[in-house]
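Using the sequences and the hints, build the whole thing.
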Amino acid sequence: MCLVDTREQDTPLFRARLKEMNCQWERRKLNFGDYSVCCDVLDLSNQIAVERKMSLDELCGCYCKDRKRFEREFERARQAGAKIYLLIEDGSWEDAYAGKYRSRMEPVALVASIQAWLARYNCQVIFCHQETTGRLIRDILYRELKEALEHYEPNS
99 MCLVDTREQD TPLFRARLKE MNCQWERRKL NFGDYSVCCD VLDLSNQIAV
149 ERKMSLDELC GCYCKDRKRF EREFERARQA GAKIYLLIED GSWEDAYAGK
199 YRSRMEPVAL VASIQAWLAR YNCQVIFCHQ ETTGRLIRDI LYRELKEALE
249 HYEPNS
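First residue of the sequence shown: 99, per the working numbering; consecutive thereafter.
Each hint should be verified, as a subset may be incorrect.
[To be verified] Simulated crosslink set (DSS-like; lysine-lysine; CA at most 30 Å straight-line):
1) K181 x K244
2) K127 x K151
3) K244 x K151
4) K198 x K181
5) K166 x K127
6) K127 x K163
7) K117 x K127
8) K181 x K163
9) K166 x K198
10) K244 x K127
11) K181 x K166
12) K151 x K198
It is worth saying that the hints were derived from the structure and are not from the lab.
What follows is the structure, encoded as structure tokens:
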């Protein structure tokens, strides 16, 4: 079952994303990230998360005015030993390097911040188109759950 953080705003795009995911989901307050996964025998909400950003514009805000909050969220993930996917819609490395976003943040600073997150946290950056987001989140969480279940040993 996909877990969706209660702070994810209920918008038409959110509803379309959930429909595209085509799986059962539940709203839950997550300690970090916007999406995670669980099943009957295993809850990965403190081990795997997808943090979704709708654009490089939003990401710039996270690295500028909201940097402390953003750092705290990724620190909580790191302290939990979690793996976190930073999924950025409608952007690319090429857009980041070229400054193709609406922010005063310089391209060199944005790229450096993204790369610092890669080095500092157990983080993977994924760029995708908005229409792919739901399927990609579902597939990432499915694969992570499948891997975890293959190594799962119940406490008997």
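A quick look at each hint next to the structure:
1. K181 x K244: 15 Å, holds
2. K127 x K151: Holds, at roughly 18 Å.
3. K244 x K151: 25 Å, holds
4. K198 x K181: Holds - the C-alpha atoms of K181 and K198 are around 28 Å apart, at most 30 Å.
5. K166 x K127: Judged against 30 Å, a Cα distance of about 20 Å means the pair holds.
6. K127 x K163: 23 Å, holds
7. K117 x K127: Holds, because 20 Å separates the two Cα atoms, which is no more than 30 Å.
8. K181 x K163: 25 Å, holds
9. K166 x K198: Holds - the C-alpha atoms of K198 and K166 are around 24 Å apart, at most 30 Å.
10. K244 x K127: Holds, at about 23 Å.
11. K181 x K166: 20 Å, holds
12. K151 x K198: Roughly 16 Å between the alpha carbons, so the hint for K151 and K198 holds.
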